[in-house]
Structure formats: C-alpha cells, structure tokens
Amino acid sequence: MDKTAIDALRRHSYVVISPLGREWAYQQALSTNTSGRQDEDGVLYQLIVQGFSGIQVPGIIRRSDKFNEGIIAVGFASPYRINGNRLRVGSYVKINDVETITSPYDVIAMSFAPSNDWLCVLHAVREKAQELGVEVGVFGSAGLEAFTGLSFIHVKSDIDLIIKPANPALIAEAYRNFAEIAGQYNTAIDMEVELSNGYGIKARELLMDTDMILGKGLTDVVLLDRRAVITMLYSS
1 MDKTAIDALR RHSYVVISPL GREWAYQQAL STNTSGRQDE DGVLYQLIVQ
51 GFSGIQVPGI IRRSDKFNEG IIAVGFASPY RINGNRLRVG SYVKINDVET
101 ITSPYDVIAM SFAPSNDWLC VLHAVREKAQ ELGVEVGVFG SAGLEAFTGL
151 SFIHVKSDID LIIKPANPAL IAEAYRNFAE IAGQYNTAID MEVELSNGYG
201 IKARELLMDT DMILGKGLTD VVLLDRRAVI TMLYSS
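Note that the working numbering has the sequence shown beginning at 1, numbered continuously upward.
In short, the hints are calculated from the structure, not lab data. C-beta: ideal position from N, C-alpha, C; glycine also. Any given hint could turn out to be false.
[Stated by the list, open to error] DEER-style ranges, computed between Cβ atoms:
id, residue 1, residue 2, range
1, A179, A228, 42 to 52 Å
2, D106, G133, 13 to 23 Å
3, D211, Q27, 38 to 48 Å
[Claimed, not checked] In the BS3-like style, the derived pairs of lysine-lysine whose C-alpha atoms are separated by at most 30 Å in a straight line are:
id, residue 1, residue 2
4, K128, K94
5, K164, K128
6, K156, K94
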C-alpha cells in the first residue's frame, strides 16, 4: 500500500470484508492474541467470520504502525457482552479483501429507525448539524448499531461523534448543542474533531485552556501545539 492510499484511510471507518478475507483476519486475530487463548468456544470465529443472526460485523480501522504491504489494521467488537465486558479484538485485513470502506459521516446519514434513545439522539444530532452547517459522523456502539441493526448499545453507552474541521467557535456551538440533545435523553456524547493533517483531537480538550492537545492518528499519538491547531481549524 503506497503513502497516498494510507493517507486516504481514517480511523473509525467501517470495513466490509470478503468471506476469504474474514477467514484470514480470524487467523491473524488468533496469532496476535497475547493471552494465548485459542478460541475453544468459537466466540472469535462468530465475531469475525460467521456474524450474528445472518449479519456480519464490520472491521473498524484502528491505529497501527503496520500499515504496509497492502495490510489494514482493524478491530472487531461483539454486539453482546461476556461477563459484563464487550468482546473486542484487534486483527488485520488485506486491502484486496476489502469490499467497502464507509466513513462515520456516511453512517450517520444512513436510514435507520430511531428505535431507542441513543438512535433518537443521532437523528436529532443529524438535523442540528445540518442546521449549523457542520459535518458530523458517528462511531462506537451507536455507530455499529446504526450500521448493522444489531444491538450494540447498552444502558451505559455514550454516543461517539466526530466532526470535520470547522471554525473553533462553530465546533464549540455544535458540541454544546449536541450535548444538550443527548442530555434530553439522559445520555452523553463524546466528540472528536478531525483535523486536516489526519489527526483527531477531543472536542473537550480543544475547548480547554491548555498549551498542548493530544492528537490520535492512523499510525501514532502525538502532542499538538494548541495555537497551531486553532490556526489549522480557522484555515479549514
């Protein structure tokens, strides 16, 4: 995979994988399982290969320093919880086995029923974003539920949002409005701001008076100068 292809990838995007690609990803998950667990009960195989109720869970692009030779790092999350914890596993997929890559911005624009409070919030956030003139996306459990229709959301779920670069004042207004909407449904949001350099920062940190802001990228985590971030957002 060349640098241009890597630069086009973004964390949190949803990856639909071919059947052969899922088998390969399963083997990668087994080989990188540091606990030594060999999936005797088949839960990993169901998560990565078989799916649930005829629906397969997409891989989610994750941070890794191994984006080379046509390989994408992905993570998988189960729609149900084991002993109170959601099963999460990291793996890899060959770029040639990827059928589609869907961004969080495309997922929130999908047609999904507001069947619970969290999805009602997503509908309201989508409308408010259009009103404010900002582009917002969703990832995490709410995003996976909107994408698959499976029950990923649980009672303690936050709603993970990501917003494209915009004027900092507009980001602050959007963050405040989205938080108010979530509060009306007794839930909460956690919003990331996507920067033009490919890094993502927490909206909460952007709104704090600090000299440095933590930036999470596709291959690393860095500290970004706050003034440089503000300048970048104003020029977006």
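Each hint tested on the structure:
A C-beta distance of roughly 26 Å is found between A179 and A228, which places it outside the suggested range of 42 to 52 Å. For D106 and G133, the hinted distance range of 13 to 23 Å is satisfied, since their beta carbons lie about 18 Å from each other. Distance hint check: the CB atoms of D211 and Q27 are about 45 Å apart, consistent with the given range 38 to 48 Å. With a C-alpha separation of about 38 Å, the suggested pairing of K128 with K94 is violated against the 30 Å cut-off.
About 15 Å separates the Cα atoms of K164 and K128, which keeps this hinted pair within 30 Å; it holds. Between K156 and K94 the CA atoms are separated by roughly 34 Å; this puts the pair beyond 30 Å, and the hint is violated.
The earlier numbered hints that this structure contradicts are 1, 4, 6.
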